[in-house]
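**Student:** Assemble the complex: chain A is given as a structure, and chain B must be docked to it using the hints.
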Amino acid sequence: MLARNGDVSTLRWPSKFNEVPKDVFNREDVYRLELERIFYGPEWHMLAHRSEIAKAGDFKTATIGQAPVLIVHGDDGEIRVFANSCTHRATQLKTCARGNGKEIECPYHRWLFNNQGDLIGAPGMREFKQGFRREDYALRKLRTAEFCGIVFATFSDDAPAFDDYLGETRPFIAKAVGGDGRLKLLGYQKVSFASNWKAYADNEGYHGPLLHTAFQMLKWSTSNGAQFMTSHAHKVNHIELGQLPDFGPLQDSSVIEGRDPKLVPVNLIISLFPLSLVIHNLDVINLRYAFPVSPHETEVHYAYFAHEDDDEALVRHRIRQGSNLQGPSGFISLEDGAVFNRIHTGSHTAGNAEFQKGVTGPGPIATPFNLGKGDEAGNLIRWEHYRQAMGFERG
Amino acid sequence: MVDAAVLTQIDDLQSRYMRTLDRRAMDDWAACFDGQGSYVCIARENEEQDLALAIMMDDNSERIRDRVTYVTKIWVGVFEDYTTRHFVQRIECRQLQPALFLVESNFMVAYTTSRGRSEMLVAGVYKDEIVLGEGGAAFRSKRAILDTTVTPRYLVYPV
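Going down the list, the sequences are from chains A and B. The letter at position 83 of the first sequence is residue 83 when you use the working numbering, and the numbering goes up by one with no holes. The letter at position 75 of the second sequence is residue 75 when you use the working numbering, and the numbering goes up by one with no holes.
Just so you know, these hints were derived from the structure itself, not from any lab. Check before you lean on any hint, since a few could be wrong.
What the hints assert, rightly or not - Far from chain B, by Cβ distances over 10 Å, these chain A residues were calculated: (1) P42; (2) R50; (3) D76; (4) T87; (5) Q116; (6) G131; (7) D158; (8) P160; (9) G167; (10) G258; (11) D309; (12) N341; (13) R342; (14) I365.
Claimed, not checked - Computed footprint of chain A on chain B; a stretch qualifies when at least three of its residues, placed anywhere within it, have a C-beta under 8 Å from a C-beta of chain A: (15) 15 to 26; (16) 116 to 126; (17) 129 to 138.
Backbone N, C-alpha and C define an ideal beta-carbon position, used for all residues, glycine too.
Same shape as in the complex, but just chain A:
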C-alpha cells in the first residue's frame, strides 16, 4: 500500500501491528516528512523550565526539529517562544545557550526587538518599501503553554489544546517536579546520540533489567508500580522503590540513596510524544529536551533541578546523584547511549523491527492502556500515533 506523500511512496508499512519498518529509522525522505508533520506539525515540544530563565530579560535557545527557537522571559513576566530568526533576512538572533538582555538586536542590520518580540526600530526605516509597518515585523511567536513551570511550544495552530495534549500525565508530571514545579536549576549535560530520534524515544521497560546492571542492583524491576499509555501516545512509568536496594560492589552508596523527606523514592518517567521526557529517578529531577540533528543523529539536553524548598544538604545530594546516575556517563544510563548507535546501524538492514513482550493480540491497542511490568507493547501505541501522523497506510 502506498503512503499519501509522493516522496515516501515507496515506504511499506507492515500489516502486523507489532512490526515497524526499519526504513523509517534512516530514510532521508521519511525524515523530511517527520519535520513537516511532527516537529512543525500539530505536536507540543518541551523547551525549558521557568527556573532556567528566572528573571525578566533572561533567554534560552532551543531547537524544535531543526528550527532554532528563542525562549524569552519578557519584561512583563510572561514567557514567550519565538522563531530564533530575524523577521528581516532570517539571521539567527541569539547563538549562546542562555543569557540576559534588555533587548534583542540582530547583528546584521541592527533591527531591534524588545523582550516581548515587538520590532522597536530598524536603521533606515524611512527608505523602506512603502506601506512598511513595524507591527508586521514582530518576531514570529509560537503557541506557548506552561505546566508546573515547564514551557512547551508548537509551530502549529492545529495542535490540540495543551491540557488535552498532556491529559492523564498531568499529576505525574507535577509529582516529578516536586508537586508544584518551584525548581532551581542545577546544570546541564548534553549528548549527541548516533541514532535516529525514534530509536532514542523507543526506550521501554523490557530492556531495563536486561541491559542495565544497575537496575538489578537497585531492584527497580521488582518494585511495585504502574505503567500506562495515554490517548496521545504518552507513556507514564511510575515505580515506588519501597525496598531497600542492595548496593552491590559500590563503596560509596550515598550517591544512590533516596533522601527527599517528602517523597518515597520513585522511578518516575513521563515520556511525551514525540520526544520530551520528564524524569524523577530517586532524588534526581530531570527534564530531557531532545531534537533530531539528522535521520542519523539525535541531540539530548539533560537539565537537572533541585526544589526551592530543599535545604543545602539535599541540593548537594541531588547534584551528586544527577552527576553520577544519568547522562552520557551515568551509572544507570550509559548503556542506553551505547546501544542506540547499534540499533541505528542495524536498522540499515531490510525488513521490520518487531515488538513481542506484552503483545497480546493481532490488532491495535486501545488507550489508555496499562502495561505489564517489563513490557514493550506500549510502544506500539506510539508507533500507531506516528504512523497516522505521517499518513503511512498499512499494507
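**Tutor:** For chain B alone, kept in the frame of chain A given last:
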C-alpha cells in the same frame, strides 16, 4: 617561578594519568590520586555559570574506586568499546603551599571506534591540585572542564 625538578614530577604525573587511561588500566588511574583525591568532569557551560552539576563527580576516594568498578565490572559487555588518545599541554603552574601546586593544562582526547574511525571525543582544560610527597606527585583534585559541551554518544572512561 616553579622549580624545574618540580615541573618534571608534575609532568610525569600527567603522563602517567594519560598512560593509564589510554591503556585502560583503571586501577592505576585511581592510584594517580592521593587518599583525599577527587575527580570531576564538568561542562564549561556549567562551570562558567556556577552550576555544579557535572558529567562525572567522584568527590572522594570511594567514589573514585566506584568509577573503576563501573568500568571494570558494571558496564562490561554492554558497550561498543573505543580507544582513546590523550594529548595534554601544561599552560600554567602556581605554588599554593610548599608541597601543593595548582596546574592548568589544555587537553584533547581522540577516540577510535571498533570500526577504526577516529574523531575528537572532547577538548578542554584540566584544573588540577597536585601534591608532592615522598612517593612522588599525586592529584589532590582533578577537574576536567569540557569545552565540548555536547559530548558524542557515551563516555565510559574518565577524561
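**Student:** Broken hints, numbered, in rising order?
**Tutor:** As far as the earlier hints go, 12, 13, 15, 16, 17 are violated by this structure, in ascending order.
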